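First to last, the sequence lines map onto chains A and B.
Take 13 as the starting number for the first sequence in the working numbering and just add one per residue.
Take 15 as the starting number for the second sequence in the working numbering and just add one per residue.
Simulated from the structure, these hints should not be mistaken for laboratory data.
These numbers come from a predicted model, not from an experiment.
A few of these clues could be false.
[Claimed, not checked] Here are a few chain B residues that face chain A, going by a calculated C-beta distance under 7 Å:
(1) Ala47
(2) Thr48
(3) Leu66
(4) Leu106
(5) Pro116
(6) Ala126
(7) Ala129
(8) Ala188
(9) Gly191
(10) Ile217
(11) Ala220
Cβ atoms here follow ideal geometry from the backbone N, Cα and C, with glycine treated the same way.
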Amino acid sequence: MSSRPTNKPTWRSHRFLWTLSTYLPANSWLHRLPAGAKMATVFVVTVLIALLRGWQFGAMTLAAVVIIAVTAAVPFRQLVSQVLRTMLFLLLLGAFVVWRAGVGYAVEMVLDLTAAITLAWLVTITTRTDDIFDTMQRALRPIDRSGRLANKVALGFAMVLRTIPALAEVTADARDAAAARGMSRDARALLTPMAIRTVAHAHTVGEALAARGVLDGPGRDV
Amino acid sequence: MSTPYTVRDDQSENVTGESDITEPLVADHRSPATIRATNFALITTFSAFIALCSILAAPIGPGGVPITLATFGVLLSGLILGPWRGATAAVLYIAVGLAGVPIFAGGKAGIAVLAGPSAGYLLAYPIGALVAGAWLAWAVRRNLRLRTLHAALAAAAGSLAIYAGGIPVMAIRAFDGNLLDAWLANWAFVPFDAIKAAAAAAIALAVLRAFPLISRR
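Model the full structure from these sequences, guided by the hints.
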């Protein structure tokens, strides 16, 4: 905490926006594991899977991922749907791989990638977005002694989340304006005003930030 | 016989629409603090713009890698904001998505995207914005002619930079390290990316004309 009282808007004051996130709340051993450890595991497994040859390794990892998911109270229906969706998505690529590299490699590729993607998905749904974000901020520490960068990143995060719905409105306005001119089929009549209104929005926000002195504060307070 | 009004020759100057981008005739009265805050707001707003582009259209494209407007947003960020602010906007977009907010292509989120075959394209977005932005900023600074052409080339170079990141990763993850196959698969995206790059170039020039001070930092 900094010494002076602050009413800086940080990403925490926008917590309601995290309802957007893909986190599935529960209380299992996987949920309680630190975010950094989970992300490091995914990284190691993803690299290993790419290095090791043969479909057996991918199949074994996929089996392990399913066991982890079941013991971590992930709804089975969601797990099945995730695995099937990933496989379906990879089969489109797989068809091309069969043609170029043969059936054996295509099977290995689909199993490997399904295992890796499902494992990473498990981390995302069992880790609160806040915690992943805190881990990212901690990773910034070595290049950010004063905490200024971490503060800016925190505010930037919150502003991105707040700006997405604002820009969706801007888009709707631009679409209405194009339709009113009878140009709703013209992509440029939509995209150009959309981009210009986006920049105008940024200028308004910038002036508001400057007026509040938000960026000129002292170091770490998150 | 003299005309009762003066013919304004200077109107012909603007016919190409190119003369008014570089040297803004508007005085910049903003304080350094306002400029800093505006830069910050531009970066976060364009991050959100990339996210919106990514969500807006997300059908699954050929080769299992989805086609979205995301690269349009990335190129536009680079062209409008210049190399550094544009690349920062792309980095922020990736960070927010990796933390678990579903703003990647197809409403995906989290580090699962890094495990997939299209990870390289995503991670190369900042480089794409950097390259596109650097090219156009250079052309504007040198006050080169044929600015529309330079904007189009900048957008194309940015797209190529994204390919340079995407193709090797796709080769490693899906084609057993065979670059040629990944390069072949990549051709499925080229027509869409050409359209997106052309649109980004045209729209960026319109925005730069509307906000001549935006290149001042």
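### Query
Can the hint on B/Thr48 be confirmed by a CB-to-CB distance to chain A that is less than 7 Å?
Since chain A brings a Cβ to about 4 Å from B/Thr48, closer than 7 Å, the hint holds.
### Query
Going by Cβ atoms only, is B/Pro116 closer than 7 Å to chain A?
At about 6 Å, which falls below the 7 Å cut-off, the nearest Cβ of chain A leaves the hint on B/Pro116 intact, so it holds.
### Message
Quick check on B/Ile217 please, does its C-beta sit within 7 Å of some C-beta on chain A?
### Response
holds (5 Å)
### Task
So, B/Ala220 near chain A? Judge it on the closest CB pair being under 7 Å.
holds (5 Å)
### Query
Is the interface hint for B/Gly191 satisfied, with its Cβ closer than 7 Å to some Cβ of chain A?
violated (10 Å)
### Message
Min Cβ distance, B/Leu66 to chain A: is it shorter than 7 Å?
### Response
holds (5 Å)
### Message
The hint names B/Ala47 as touching chain A; please verify it with the least Cβ-Cβ distance against 7 Å.
### Response
holds (5 Å)
### Query
Any CB of chain A closer than 7 Å to the CB of B/Ala188?
Holds, because the Cβ-Cβ distance from B/Ala188 to chain A comes to roughly 5 Å (cut-off 7 Å).
### Task
With a cut-off of 7 Å on the beta carbons, see whether B/Leu106 makes it to chain A.
The hint holds - B/Leu106 has a Cβ within 7 Å of chain A, the shortest such distance being about 5 Å.
### Query
Per the CB criterion, is B/Ala126 less than 7 Å away from chain A?
holds (4 Å)
### Query
Against chain A, with CB atoms and a cut of 7 Å, does the hint on B/Ala129 hold up?
holds (4 Å)
The structure shown violates just one earlier hint, number 9.
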